[in-house]
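Asks: In case you want the letters, here they are:
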Amino acid sequence: MTTTAPFVVPDFGDEASQGRKLAIICSKGNLDMAYPGLILANAALGEGVETHLFFTFWGFDMITKSRMHDLKFTMLGNTATHMPQGLGGLPGMTAMATHQMKKQIHDIGVPDVPEFLEQIVASGGHLWACRMSADMMHLNESDLYDDVEGIISAADFIEKTDGAQIIFI
Amino acid sequence: MTATVVSVGDTTIHVDSEGFLTEYGEWTEGLAGQLAARIGIELTDEHWKAIRFLRADYPSHGETATLRRVSTLAGIPIKQLFVLFPGKPAKKMAYVAGLPKPRGCV
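Residue numbers (numbering that gives the first Met the number 0), protein chains in the order written: chain A, 0 to 168; chain B, 0 to 105.
Heads up, some of the hints might be wrong.
Pairs of lysine to any residue, SDA-like flavour, derived with a Cα cap of 20 Å [unchecked claim]:
1) Lys102(A) x Cys104(B)
2) Lys100(B) x Gly12(A)
3) Lys100(B) x Asp10(A)
4) Lys100(B) x Lys102(A)
5) Lys101(A) x Thr21(B)
6) Lys100(B) x Glu46(A)
7) Lys20(A) x Asp155(A)
8) Lys78(B) x Val120(A)
9) Lys78(B) x Val147(A)
10) Lys101(A) x Cys104(B)
11) Lys78(B) x Tyr144(A)
12) Lys20(A) x Arg68(B)
13) Lys78(B) x Leu39(A)
14) Lys102(A) x Phe81(B)
15) Lys100(B) x Val109(A)
16) Lys78(B) x Ala121(A)
17) Lys78(B) x Glu117(A)
18) Lys100(B) x Leu39(A)
19) Lys78(B) x Lys102(A)
20) Lys78(B) x Ala42(A)
21) Lys78(B) x His81(A)
22) Lys78(B) x Gly108(A)
If you anchor each label on the Cβ, the simulated ranges turn out as follows [unchecked claim]:
23) Thr71(B) x Met82(A): 53 to 59 Å
24) Ser16(B) x Ser152(A): 28 to 34 Å
25) Thr27(B) x Val7(A): 42 to 48 Å
26) Thr11(B) x Asp106(A): 38 to 44 Å
27) Asp69(A) x Thr71(B): 51 to 57 Å
28) Lys101(A) x Ser59(B): 22 to 28 Å
29) Gly32(B) x Trp57(A): 26 to 32 Å
30) Met92(A) x Thr27(B): 35 to 41 Å
31) His68(A) x Lys48(B): 30 to 36 Å
32) Tyr23(B) x Asp106(A): 25 to 31 Å
Partial list, computed: chain B residues near chain A (C-beta under 10 Å) [as the list claims (entries may be wrong)]:
33) Tyr23
34) Gly24
35) Ile38
36) Leu42
37) Trp47
38) Arg51
39) Ala55
40) Leu66
Don't read these hints as lab results, they were simulated from the structure.
These numbers come from a predicted model, not from an experiment.
Each residue gets a CB set at the ideal place from its N, CA and C atoms; glycine is no exception.
Required output: the full structure, derived from the provided sequences and hints.
Replies: Next comes the structure, spelled out in C-alpha cells:
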C-alpha cells in the first residue's frame, strides 16, 4: 500500500533521552560476563543516555591493567556450552574455550575488553572503580585503566546515579 | 510494509513510518542537505566523509554501518561522530544518508 503523507521527520527523542541515566554494575570477571555490560553501555550511549559503569568484586579484573587483556572463559559450571561438564576440568580446556570465544567475538567485529572500554569512554561513558574491591585486592589508581574516573564507595556510586535505571551483572 | 510517499522540495521519496528513506536509489546529495537541516544539522566536509562512507558501504555490506564500523573503516574517531551527529549519531547518520537504522549491536 502506498499513501501520500506530510513529511515525517524521525523522532530522535533528543529531549526524551535527556535526563535518562543508566547505571551498570559489573561484578564478574569472566570473559563472557564482561561483554553484556559493555554492550549495553555502548548501546545506551549510542541512544544518548548518560551511562555509568561501576566495577566491583571480580568485575575489577575488567579495569585492572595487568588483567584486563587476559579475561578467561571457562566451560566449568556453565551448562549453556552443552558439553559434558567433566570436559571443562581437563587441562588446557579453559585456555581453549577462551581462545575460541575471543575468536568468535573478533569475527563479528566486536572489540576486545580494553578497546571496548576506550570506545565507551569516547562515547561519553563514565567508569568507576569500587573502593572496597580496591582495598581488598590492594590496588590503587595506578593499577587501573587510565580512563577510570575514580575509586569510589558504593554509596558514592548510588549518589552519582541518582534516578538512574540500574543493571547488575 | 506500508510505504509512504512524501515530497521534499521538488522530489518525491518513499519513507517508512518513522521517516527513514526506504529506497536506496532515491537519495541524492542535495536531499541529504535537506534531511540534515530538518534535524538541525548543517553538513560540513566532515559530515560528508561519514555520509559518503555509509552510502558506499551499504550495498557491499548489506546493512547500515554501525558507529564502530564507521569509526574503524572511515577513520573518524567515535568521539567526533558524537560531535557531528549529537545524541544518537548512528541513527542520525543513517537518516541523512538515506539508509535504514543500523541493526548491529556494536
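Asks: None of the hints should be skipped; say for each whether it holds.
Replies: Evaluation of the provided hints:
1. Annotation: proposed proximity of lysine 102(A) to cysteine 104(B) holds, straight-line Cα distance about 17 Å (limit 20 Å).
2. At roughly 14 Å between alpha-carbon atoms, lysine 100(B) and glycine 12(A) fall within 20 Å of each other, so this suggested pair holds.
3. A distance of roughly 12 Å separates the Cα atoms of lysine 100(B) and aspartate 10(A); the hinted pair therefore holds under the 20 Å criterion.
4. As the CA atoms of lysine 100(B) and lysine 102(A) are separated by approximately 27 Å, the hinted pair breaks the 20 Å bound.
5. Proposed proximity of lysine 101(A) and threonine 21(B) is contradicted: the alpha carbons are some 36 Å apart, above 20 Å.
6. Proximity of lysine 100(B) to glutamate 46(A) is assessed by CA-CA distance (about 12 Å); at most 20 Å being required, the pair is judged to hold.
7. Among the hinted pairs, lysine 20(A) with aspartate 155(A) is consistent with the structure: their alpha-carbon atoms are about 16 Å apart, no more than 20 Å.
8. Between lysine 78(B) and valine 120(A) the CA atoms are separated by roughly 9 Å; this keeps the pair inside 20 Å, and the hint holds.
9. At roughly 17 Å between alpha-carbon atoms, lysine 78(B) and valine 147(A) fall within 20 Å of each other, so this suggested pair holds.
10. Taken as a hint, the lysine 101(A) and cysteine 104(B) pair is honoured in the structure, with Cα atoms around 17 Å apart against an allowance of 20 Å.
11. For the hint linking lysine 78(B) to tyrosine 144(A), the alpha-carbon distance of about 19 Å falls within 20 Å, and the restraint holds.
12. Of the pairs offered as hints, the one joining lysine 20(A) and arginine 68(B) is violated, with about 26 Å between alpha carbons and a cut-off of 20 Å exceeded.
13. The hinted pair formed by lysine 78(B) and leucine 39(A) meets the criterion: a straight-line CA distance of about 18 Å does not exceed 20 Å.
14. In summary, the hint linking lysine 102(A) to phenylalanine 81(B) is not supported, as the alpha carbons are separated by about 29 Å, beyond the 20 Å threshold.
15. Restraint check for lysine 100(B) and valine 109(A): satisfied, since their Cα atoms lie roughly 19 Å apart, inside the 20 Å limit.
16. Restraint check for lysine 78(B) and alanine 121(A): the C-alpha separation of about 5 Å stays at or below 20 Å, so the hint holds.
17. As the CA atoms of lysine 78(B) and glutamate 117(A) are separated by approximately 10 Å, the hinted pair is consistent with the 20 Å bound.
18. Taking the CA atoms of lysine 100(B) and leucine 39(A), the gap is near 18 Å; set against the 20 Å cutoff, the hint holds.
19. Distance hint between lysine 78(B) and lysine 102(A) is unfulfilled; the C-alpha atoms sit about 27 Å from each other, more than 20 Å.
20. Our distance criterion of 20 Å between C-alpha atoms is met by lysine 78(B) and alanine 42(A), whose separation comes to about 15 Å.
21. The hinted pair formed by lysine 78(B) and histidine 81(A) fails the criterion: a straight-line CA distance of about 40 Å is larger than 20 Å.
22. The hinted pair formed by lysine 78(B) and glycine 108(A) meets the criterion: a straight-line CA distance of about 19 Å does not exceed 20 Å.
23. Against the hinted window of 53 to 59 Å, the Cβ-Cβ separation of threonine 71(B) and methionine 82(A) comes to about 33 Å, which falls outside the hint.
24. Taking 28 to 34 Å as the suggested C-beta distance range, the pair serine 16(B) and serine 152(A) does not conform, at roughly 47 Å.
25. Range check, threonine 27(B) to valine 7(A): about 19 Å between beta-carbon atoms, so the 42 to 48 Å window is missed.
26. A beta carbon spacing of about 42 Å between threonine 11(B) and aspartate 106(A) agrees with the range 38 to 44 Å that was offered as a hint.
27. For aspartate 69(A) and threonine 71(B), the hinted distance range of 51 to 57 Å is not satisfied, since their beta carbons lie about 23 Å from each other.
28. Between lysine 101(A) and serine 59(B) the CB atoms are about 27 Å apart, so this pair conforms to the stated range of 22 to 28 Å.
29. A hinted range of 26 to 32 Å for the beta carbons of glycine 32(B) and tryptophan 57(A) is inconsistent with their spacing of about 51 Å.
30. In this structure the hint that methionine 92(A) and threonine 27(B) lie 35 to 41 Å apart at CB is violated, the actual value being about 56 Å.
31. Between histidine 68(A) and lysine 48(B) the beta carbon distance is about 32 Å. The supplied range of 30 to 36 Å therefore holds.
32. Distance hint check for tyrosine 23(B) and aspartate 106(A): the Cβ-Cβ separation is about 27 Å, which falls inside the suggested range of 25 to 31 Å.
33. A hinted interface residue such as tyrosine 23(B) counts as satisfied when its beta carbon comes closer than 10 Å to some beta carbon of chain A; here the least separation is about 17 Å, so the hint is violated.
34. Restraint check, glycine 24(B) versus chain A: the minimum CB separation of about 16 Å is more than 10 Å; hint violated.
35. The closest approach between the C-beta of isoleucine 38(B) and any C-beta of chain A is roughly 6 Å, which is under the 10 Å cut-off, so the hint is satisfied.
36. Hint status for leucine 42(B): violated, given a least beta-carbon distance of 16 Å to chain A, over 10 Å.
37. Interface restraint check for tryptophan 47(B): the shortest CB-CB distance to chain A comes to about 20 Å, outside 10 Å, so the restraint is violated.
38. The beta carbon of arginine 51(B) comes no nearer than 21 Å to any beta carbon in chain A, farther than 10 Å, and the hint placing it at the interface is violated.
39. Because the beta carbon of alanine 55(B) sits about 18 Å from the nearest beta carbon in chain A, more than 10 Å, this interface hint is broken.
40. Given the 10 Å rule on beta carbons, the hint for leucine 66(B) holds: about 6 Å separates it from the nearest Cβ of chain A.
Hints 4, 5, 12, 14, 19, 21, 23, 24, 25, 27, 29, 30, 33, 34, 36, 37, 38 and 39 from the earlier list are contradicted by this structure; the remaining hints agree with it.
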